[in-house]
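Novice: For reference, the chains in residue letters:
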Amino acid sequence: MLIDLSHIQRLYRSDEVETTALHEIDLQIEKGEFVAIMGPSGCGKSTLLNILGTIDRPTGGSYRFDDHELTAMNEAELAKFRREHLGYVFQSFNLIDELTIEENIELALIYRNMPKAERQSRVSHAMDHVGIAHRARHYPSQLSGGQQQRAAIARAIVGEPSLILADEPTGNLDTENGAQVMDILQRLNDEGATIIMVTHSPSHADLARRRIDMLDGQVVVSVRNAI
Amino acid sequence: MPLAILRSILRQARRQPLYLALNVIGLGLGMAVCLVLTLQVRYEYSFNATIPDAAHVLRLDSHLIFPGSAPQEYGDVPFIAFPFLHTDFPQVVDATRYEADDYQLHNGDRSVAAGTSLVDTSFFDVIALPLEHGDPRSALSRPDAIVLSAAKAQALFGTTDVIGRTITADHEGHHTRQTVTGVLARAAGPVTIAPDAITPFPSDEMQKPQFTRWGSSSGNIFLRVRNKADRTAIARNLTRFVIDHASGTANDDVSEGVHPERRFALSLVSLRETHFNDLHVVAGDDATDRSVVNILALIGALALLLAVLNAINLATARSGLRAREVAIRKTLGATRKTLFVQFVGEAIASTAIGGALALALCEIALPFTAALTGTTLHMDYGFTLPFLLAVVLLTGLACGIYPALILSSHQPAHVLAATRMPSDGRGATHLRNGLVIVQFAFAVAFAICTLVVNRQAHFMQSQDLGFARDGILISSDIMTSDIGKQRAILEALRHTLGVVSASLSELTPNIDNRHRFNVTPVGPHHEDIHVLGDTVVGDYATTYRPRMLAGRWFDNSHGEDDSPGDEAFHKSSGKTWNVVLNRTAISRLGFASPESAIGTPLKSGPVTLRVIGVMEDMRFVSARDDVSPQITFNSTAALDYPHASVRFSGVPENIMKTRLKSAWDPVFPNDPTGFGTVQDRMSTFYITEQRRGWMFSIASGIAIFIACLGLYGLASFTALQRTHEVGIRKALGATTNNVLTLMLGDFLRPVLLACAMAALPALFVARSWLSGFHQRIALSWLDFAAVVLVTLLIAALTVLGQTLRLARAEPARALRAE
Chain X
1 MLIDLSHIQR LYRSDEVETT ALHEIDLQIE KGEFVAIMGP SGCGKSTLLN ILGTIDRPTG
61 GSYRFDDHEL TAMNEAELAK FRREHLGYVF QSFNLIDELT IEENIELALI YRNMPKAERQ
121 SRVSHAMDHV GIAHRARHYP SQLSGGQQQR AAIARAIVGE PSLILADEPT GNLDTENGAQ
181 VMDILQRLND EGATIIMVTH SPSHADLARR RIDMLDGQVV VSVRNAI
Chain A
1 MPLAILRSIL RQARRQPLYL ALNVIGLGLG MAVCLVLTLQ VRYEYSFNAT IPDAAHVLRL
61 DSHLIFPGSA PQEYGDVPFI AFPFLHTDFP QVVDATRYEA DDYQLHNGDR SVAAGTSLVD
121 TSFFDVIALP LEHGDPRSAL SRPDAIVLSA AKAQALFGTT DVIGRTITAD HEGHHTRQTV
181 TGVLARAAGP VTIAPDAITP FPSDEMQKPQ FTRWGSSSGN IFLRVRNKAD RTAIARNLTR
241 FVIDHASGTA NDDVSEGVHP ERRFALSLVS LRETHFNDLH VVAGDDATDR SVVNILALIG
301 ALALLLAVLN AINLATARSG LRAREVAIRK TLGATRKTLF VQFVGEAIAS TAIGGALALA
361 LCEIALPFTA ALTGTTLHMD YGFTLPFLLA VVLLTGLACG IYPALILSSH QPAHVLAATR
421 MPSDGRGATH LRNGLVIVQF AFAVAFAICT LVVNRQAHFM QSQDLGFARD GILISSDIMT
481 SDIGKQRAIL EALRHTLGVV SASLSELTPN IDNRHRFNVT PVGPHHEDIH VLGDTVVGDY
541 ATTYRPRMLA GRWFDNSHGE DDSPGDEAFH KSSGKTWNVV LNRTAISRLG FASPESAIGT
601 PLKSGPVTLR VIGVMEDMRF VSARDDVSPQ ITFNSTAALD YPHASVRFSG VPENIMKTRL
661 KSAWDPVFPN DPTGFGTVQD RMSTFYITEQ RRGWMFSIAS GIAIFIACLG LYGLASFTAL
721 QRTHEVGIRK ALGATTNNVL TLMLGDFLRP VLLACAMAAL PALFVARSWL SGFHQRIALS
781 WLDFAAVVLV TLLIAALTVL GQTLRLARAE PARALRAE
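Residue numbers (full-length UniProt numbering), protein chains in the order written: chain X, 1 to 227; chain A, 1 to 818.
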């Protein structure tokens with residue numbers, strides 16, 4: 001088992017209000033799964049994805065990844081975990097405006113202290129994989145939304161992560177570009193990547209192997225799609 | 001519109017007080033520095049401007065060309081030239097001689113020391129110093145007339161309305177009754193001619209030998225001409241004037257020899273120029289280096305420029321924050337022009353607040369600046385307010401136009417559709433970095449130059465003077481050539497408790513222009529060199545401890561060690577007298593080493609001098625000037641212009657001074673003196689550099705502070721803009737340290753680049769400034785490294801808070817940042 005969440009809880013506290021974003025989540029995900037998380041706005045999908053991606057910490061419960069307990073790790077250990085095991089795809093692409101596409105993709109490898117030659121080879125391969133190589137020297141603002149998202153996927157896969165997390169990857173794209181992105185994700189899954197994707201689109205959720213529905217911070221349905 | 005601008009400023013003060021404070025403080029400081037330095041520069045350039053028609057009042061300067069030395073300009077000229085000026089130059093409207101002397105003035109039991117100018121009766125026709133009381137046309141017409149300064153009149157009588165009152169003037173023990181015929185008005189601006197008292201020359205004064213020879217430096221001669229052309233005409237004919245009137249035979253006592261033009265020249269300098277001209281003029285006015293004043297003006301302008309760059313940087317950095325406001329305003333019907341005017345108006349309004357701050361800072365800083373620079377600088381609102389108004393307007397426009405263009409150009413559809421603050425692109429980022437580079441480059445260049453100026457000032461105070469400077473006290477001039485009195489004071493000082501040794505000498509620190517004469521090494525093919533002569537009496541070697549390089553000091557057991565006095569010396573044809581030379585003399589005379597000069601005979605006219613010792617150069621002059629070749633005599637006769645020097649030990653300095661005064665007063669009851677240390681006497685040489693160092697330190701400190709304000713502001717807004725980026729980086733595995741290093745590097749890179757850009761110009765400026773000193777520090781790369789390190793450290797501390805906050809941001813929260 002790749003991921004084992006047990007009684008995961010996330011509370012947000014302000015001066016007077018306490019909000020429960022996640023309530024006692026139990027979730028197990030195997031290696032090579034493609035899981036889609038659905039639910040209405042504010043149900044806790046993105047919070048769950050952030051916790052899975054260790055960019056947010058649960059306020060309770062246990063998160064085991066490949067038999068490692070992540071909730072006990074400090075900030076530096078989590079950063080190391082992220083750069084070695086995770087790849088992110090965001091709804092709004094989150095490419096850095098001041099860097100070229102090539103540099104944006106390379107960024108994921110720089111923090112691994114990887115030699116330059118290897119970095120370049122991997123970046124080149126990742127760009128080929130998503131069909132963005134011809135835009136390597138362009139800046140994000142010079143690309144269409146679909147191209148930017150493909151670049152973001154290239155950045156997510158360049159480090160050959162154990163898990164790809166995609167937060168509404170087609171949310172800012174038109175139908176055609178959305179379909180292309182989903183094709184890539186499916187292909188990556190077919191090649192063995194574990195993917196967890198948050199989406200509002202039932203049709204895109206149906207392309208995953210498993211679908212989880214959330215409501216009010218809880219997993220209410222978890223079903224396997226017939227593919 | 002003005003109301004809308006005011007509302008916007010108030011809203012900024014409420015919602016973004018940091019931005020407004022950074023902006024206003026930066027502008028206020030920049031304008032304050034600019035204002036203070038403008039007033040300082042205006043002060044320096046306005047010397048003698050209040051004297052009517054000062055540009056056409058000319059001082060006749062002399063230039064002496066000594067063999068083996070560079071020509072030297074003197075503010076003093078021989079008065080023997082005076083009568084010929086009227087006859088030779090019809091362009092001269094009026095002329096006066098002017099000799100400064102020290103008097104003691106008494107009115108009953110009130111007594112004051114007064115720097116008194118002896119002048120011709122035409123003085124006020126030439127230099128029309130305004131009178132508070134009295135008539136300038138008749139003020140000097142009677143022989144017993146005296147015109148007092150307002151301050152001295154007040155000190156003597158308690159009032160300035162004292163026309164017709166009498167006082168007693170005491171000059172070197174000679175008392176005269178004088179009638180007050182005028183009181184000078186207090187000068188409305190800085191002047192170089194500000195005597196405490198003015199009196200006509202006594203009728204027998206011009207018969208004195210020093211006024212009847214071309215070779216003497218009698219005092220100043222001032223001429224009034226009608227216009228510039230007259231000045232040019234006179235200047236063109238001054239060489240002919242010298243040839244016509246200063247020629248004589250080779251050995252006569254009056255002339256400058258057969259070819260006077262080879263050793264003597266005259267030139268003209270107007271009263272409006274003396275303050276800058278006299279930097280290297282002996283017996284000139286208290287002068288200032290014009291290039292330094294110009295540098296101050298440049299610093300003032302640059303400080304303002306830094307503040308403007310700061311404001312532009314802050315405004316453009318924050319333009320993204322106001323994009324939504326612009327979009328909404330445009331949606332509601334505002335045109336780009338309306339918004340442009342509004343934003344420029346806001347910039348002018350912020351600058352006006354900065355201007356008010358600058359005025360307040362200037363009021364506070366001006367008394368300190370005046371004390372620091374030793375000037376009478378004060379706030380002149382007649383000049384300051386219009387100047388400040390113009391500065392505010394221009395600065396406001398300079399600060400406002402570019403950011404207003406950027407701000408007013410935001411497209412509403414694009415801005416309102418975006419979830420995040422619109423990035424203003426790589427061009428704007430480069431511009432902001434460029435502005436930070438320019439700001440820091442100026443600040444670092446200031447700082448390097450400041451360090452060099454301060455090091456040179458410190459060096460001038462602590463440099464090796466060639467003698468043991470500590471523990472010496474020196475009297476003022478001994479006003480008598482009576483050998484009995486001279487011996488009496490020497491004995492009195494010697495027997496004072498705490499005195500180790502005492503001596504009399506003609507040269508002392510800051511007195512270096514007494515006797516000069518030519519000497520020639522005996523033998524063929526040797527040329528004259530012009531040397532400075534000193535004559536010493538008593539335990540000079542113990543008092544000054546000159547460092548001997550070869551031979552010996554004077555010794556009572558050698559009969560030829562004691563030369564006669566000046567007059568007898570020139571008549572002692574065929575005699576040989578022992579002398580000690582300094583290192584420069586040895587070098588100019590062409591000796592291979594100090595040792596090789598020992599025992600060598602030199603000729604000075606008919607007299608033979610034998611070198612018995614060579615001492616290290618004793619520096620009694622400023623580090624700006626070269627040490628003269630010098631020959632020292634030991635004498636049994638009276639000295640012409642002696643000073644007493646004592647070495648003391650085991651007694652605090654102030655107590656020693658009191659004891660010396662007690663020993664002095666019985667011998668010279670009418671010539672009160674004060675004893676001063678070597679440091680006291682030589683402080684005039686480095687005080688300007690020291691004050692300049694202080695000024696530069698403050699200015700460069702403010703420059704760095706303004707630059708840091710800019711950097712801080714930039715860091716604040718960059719932190720806002722890059723929070724999202726930090727979220728992305730952290731999601732990709734960056735640690736806090738990774739982000740911290742990246743952000744610090746990004747902030748400090750332009751600073752480092754600025755340091756590199758500043759180094760070369762700073763090196764050039766520092767080198768050219770130092771070249772004005774004969775004795776100077778060596779420039780070291782450590783100066784540059786120290787400034788760069790300190791600047792980087794200050795810059796790092798400036799952005800550290802913002803950078804740490806940014807680096808520690810939680811990734812999920814950072815990713816949500818707009």
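Hints listed in this document are in silico derivations from the structure and should not be mistaken for laboratory results. Where a beta carbon is used, it is the ideal one built from N, C-alpha and C, also for glycine. Mixed in with the good hints there might be a few duds.
A few chain A residues that face chain X, going by a derived Cβ cut-off under 8 Å, partial list only [what the hints assert, rightly or not]:
(1) SER203
(2) ALA428
(3) LEU431
(4) LYS657
(5) ARG659
(6) GLU725
(7) LEU732
(8) GLY733
(9) THR735
(10) THR741
(11) GLY745
(12) PRO811
(13) LEU815
Pairwise CB distance ranges (calculated) [stated by the list, open to error]:
(14) ALA428/A to PRO202/X: 23 to 33 Å
(15) LEU18/A to GLY60/X: 32 to 42 Å
(16) ASP97/X to ARG11/A: 24 to 34 Å
(17) HIS774/A to LYS116/X: 37 to 47 Å
(18) ASN113/X to LEU18/A: 52 to 62 Å
(19) ARG224/X to THR741/A: 15 to 25 Å
(20) ARG7/A to SER14/X: 30 to 40 Å
To give an idea of the chain A side of the interface with chain X (calculated C-beta under 8 Å), a few residues [as the list claims (entries may be wrong)]:
(21) PRO71
(22) GLN72
(23) THR429
(24) ASN433
(25) GLY434
(26) ILE728
(27) ARG729
(28) LYS730
(29) ALA734
Novice: Does the Cβ distance between LEU18/A and GLY60/X fall inside 32 to 42 Å?
Specialist: Because 38 Å falls inside the window, the suggested range holds.
Novice: Checking hints one by one. Is GLU725/A an interface residue toward chain X, by the C-beta closer than 8 Å rule?
Specialist: This interface hint holds because 5 Å falls under the 8 Å limit.
Novice: With a cut-off of 8 Å, does the beta carbon of PRO811/A approach a beta carbon of chain X closely enough for the hint to hold?
Specialist: This hint holds: PRO811/A lies near chain X, its Cβ roughly 4 Å from the closest one there, short of 8 Å.
Novice: Starting from the hint 30 to 40 Å, judge whether the C-beta atoms of ARG7/A and SER14/X obey it.
Specialist: holds (32 Å)
Novice: Can you verify the interface hint for LYS730/A: is its Cβ closer than 8 Å to any Cβ in chain X?
Specialist: Hint on LYS730/A: holds, closest Cβ of chain X at ~7 Å, below 8 Å.
Novice: Is the hint on LYS657/A kept, meaning its closest Cβ partner in chain X is under 8 Å away?
Specialist: violated (69 Å)
Novice: When you take the CB atoms of HIS774/A and LYS116/X, is the distance between them in 37 to 47 Å?
Specialist: For LYS116/X against HIS774/A, whose Cβ atoms are near 56 Å apart, the range 37 to 47 Å is violated.
Novice: Quick one, is the ASN433/A hint okay against chain X at 8 Å, beta carbons?
Specialist: Not OK, violated: ASN433/A not within 8 Å of chain X, min 12 Å.
Novice: Grab the minimum C-beta distance from GLY434/A to chain X and call the hint holds if it beats 8 Å, violated otherwise.
Specialist: Since the shortest Cβ distance to chain X is 15 Å, the answer is violated.
Novice: Given a cut of 8 Å on the nearest C-beta pair, is the interface hint for GLY745/A held or broken against chain X?
Specialist: Violated. Min distance 13 Å.
Novice: Just to be careful: measuring from the Cβ of LEU732/A to every Cβ in chain X, is the smallest value less than 8 Å?
Specialist: At 5 Å from the nearest chain X Cβ, LEU732/A passes the 8 Å test, so the hint holds.
Novice: Identify whether the interface hint at ILE728/A stands, where standing means a beta carbon of chain X within less than 8 Å of its own.
Specialist: This hint holds: ILE728/A lies near chain X, its Cβ roughly 5 Å from the closest one there, short of 8 Å.
Hints 1, 2, 3, 4, 5, 10, 11, 14, 17, 18, 19, 21, 22, 24 and 25 from the list above are not met by this structure, while the remaining hints are.
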